[in-house]
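> Sequence:
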Amino acid sequence: MDPTFLRERQAREVRASRFRLGLIVVALLGLAYGMVHLSRQRDDTPVGAPDGPVVGRSVVAHKLPVAGIDPAAEGKTPDPLAVADADVAKKFAFLNDPKTFDQVEDRGTDVEPRPFFAMLYRVHQDTDDALRKEADATGTPDWKTLWDKPETLRGKAIQVAGRIVRIWTQRLGQNPMGLEQVTGYRIRRDPAAPSAGGPTIQLLDVYLIHRLPGALVHDQVVTRGRYLKPQVIPPEGQRFLDDPDLHVAVVLARRFDPLTYLDDAQPPGPIVDGNRPEARAFYWFIKHAMDATAAELQAKAALQITYVDLTTQPDRYRGTPIALRGQLARLHRIALPENPLGLADVFHGQVLGGYSNDPAKSDRQMNSFYCWQIPDGVRLKDEVVVYGYYMKNWVYTAADRRLITSPIIIGRHMQRVEIVRDYTIEIGIGIVAALTLFVLLVAYHRERTRQSAAREAQRQRQMARVPQNLNAVARRLARPSSPRPDATPPPDTQDDDRDSDDRETPDDPSSQAAGRAPEHG
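To convert, note that position 303 of the sequence shown is 344 in my numbering; the numbers rise steadily by one, no gaps.
You can take every hint at face value.
Simulated pairs of lysine-lysine, DSBU-like, Cα-Cα distance not exceeding 35 Å:
no. : residue 1 : residue 2
1   : 190       : 131
2   : 174       : 197
3   : 132       : 197
4   : 422       : 341
5   : 174       : 132
6   : 197       : 185
7   : 140       : 197
8   : 185       : 140
9   : 140       : 190
10  : 341       : 328
11  : 328       : 174
12  : 132       : 190
13  : 174       : 131
14  : 197       : 131
15  : 190       : 174
16  : 174       : 140
17  : 328       : 422
18  : 185       : 174
Quick caveat, the hints were computed from the structure, so don't treat them as lab data. These numbers were taken from a predicted model, which means no experiment stands behind them.
Based on the sequences and whatever the hints tell you, model everything.
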């Protein structure tokens with residue numbers, strides 16, 4: 042057998058053994074890394090997270106799923122209200138002229154600019170306490186007096202209480218008060234005892250110098266202002282041929298009393314799960330979360346509530362203190378519209394977790410939260426906890442077109458959970474991996490030594506069977522069994538035959554005959 046062939050075969054076997062060893066080592070290292078990674082970290086991919094940019098403390102434009110629209114967007118902005126240039130040149134001399142109010146056209150369709158500015162100037166010079174004291178003395182006039190006898194109340198302070206049905210902004214021309222605009226509120230006053238022949242629903246248009254932050258349609262408000270005139274408002278559209286004219290009483294005031302629903306014991310309702318804005322309930326929960334301390338919320342947190350409880354029985358658990366704990370999946374800082382709390386922005390995020398202090402026993406569902414304080418350096422995938430109140434269920438469509446129901450928790454601030462990890466498992470895995478690698482290396486070395494010795498022994502046995510003269514063997518194998526007398530050896534073997542004749546033994550008869558031929562010649 043050719044020695045070159047044996048060496049190549051041995052080299053191929055060595056390379057194959059090294060390749061198998063490399064695969065074993067790579068697989069072992071990959072297994073060790075995967076076990077350590079899984080022991081340190083849970084699933085990092087939140088299921089059902091809505092689309093949107095992931096940001097830190099930068100404020101982003103994002104529609105709140107619970108807050109209402111900006112109050113300034115309510116209603117239609119009318120044309121600016123201004124006086125003639127001659128009045129400006131005379132430095133608004135009509136403001137202090139009692140005869141200015143003789144220009145008022147009661148039950149007309151327009152508001153006269155000069156009487157309007159004169160009444161606005163008087164209210165601007167008043168104080169809140171003075172208006173309150175005068176309005177308490179006047180009381181709340183009935184609608185018949187406001188509509189039929191306006192001259193008896195014109196310029197007097199009255200109290201207005203009711204629900205907002207419309208909000209708009211009235212721009213002003215040049216005036217000595219320096220006001221660019223006032224805010225108009227249409228108030229629906231439900232009379233306790235309607236007078237005979239009077240309307241069941243009474244409307245008053247109140248113009249405020251200082252708008253009420255966060256006031257929305259249907260809010261209950263109270264104010265004191267000076268009565269100007271009754272006015273007829275024609276219908277804005279022709280949706281129905283029998284649309285009646287609106288009869289309103291025009292009042293100018295300084296400001297509304299603060300909204301009272303924030304201090305109620307129960308959140309303003311009804312609260313409907315889904316995507317409907319819930320601005321009043323949202324700010325009510327924010328206010329109560331601000332008033333409570335983290336220790337109080339933590340002590341009252343219900344730890345036995347599950348995701349199924351909140352999504353199937355929201356009315357039962359609404360307002361319940363909740364401890365939301367899990368992995369931070371999303372975080373936004375969102376600018377708020379004008380609101381009664383004066384908050385500029387809040388943090389809106391999502392947590393993949395549940396409502397138990399033990400993560401092993403907690404649900405792993407997508408929950409939403411709102412708070413206005415977050416710890417410095419918090420990052421996505423951190424373990425966090427938010428103590429707050431359960432408000433409602435937010436329903437949205439995920440990126441994979443699935444409908445997700447996410448409970449909303451309103452809290453004071455978010456806390457990062459510092460997890461002290463036990464590396465016993467990692468150390469044990471490392472020791473086992475090292476021992477396994479050592480055993481594999483020893484086994485490989487012994488196997489390689491055994492195979493090398495076996496291959497060397499086999500090679501020696503094969504070499505021992507190889508003849509010394511391969512050419513003679515080849516000649517004998519190629520020689521015919523009964524050669525013809527005239528057969529001549531091949532040219533390339535004549536020298537070899539000559540050499541072989543010299544080495545023939547004396548016992549060969551042909552050799553002895555050839556040796557004696559010269560003696561007879």
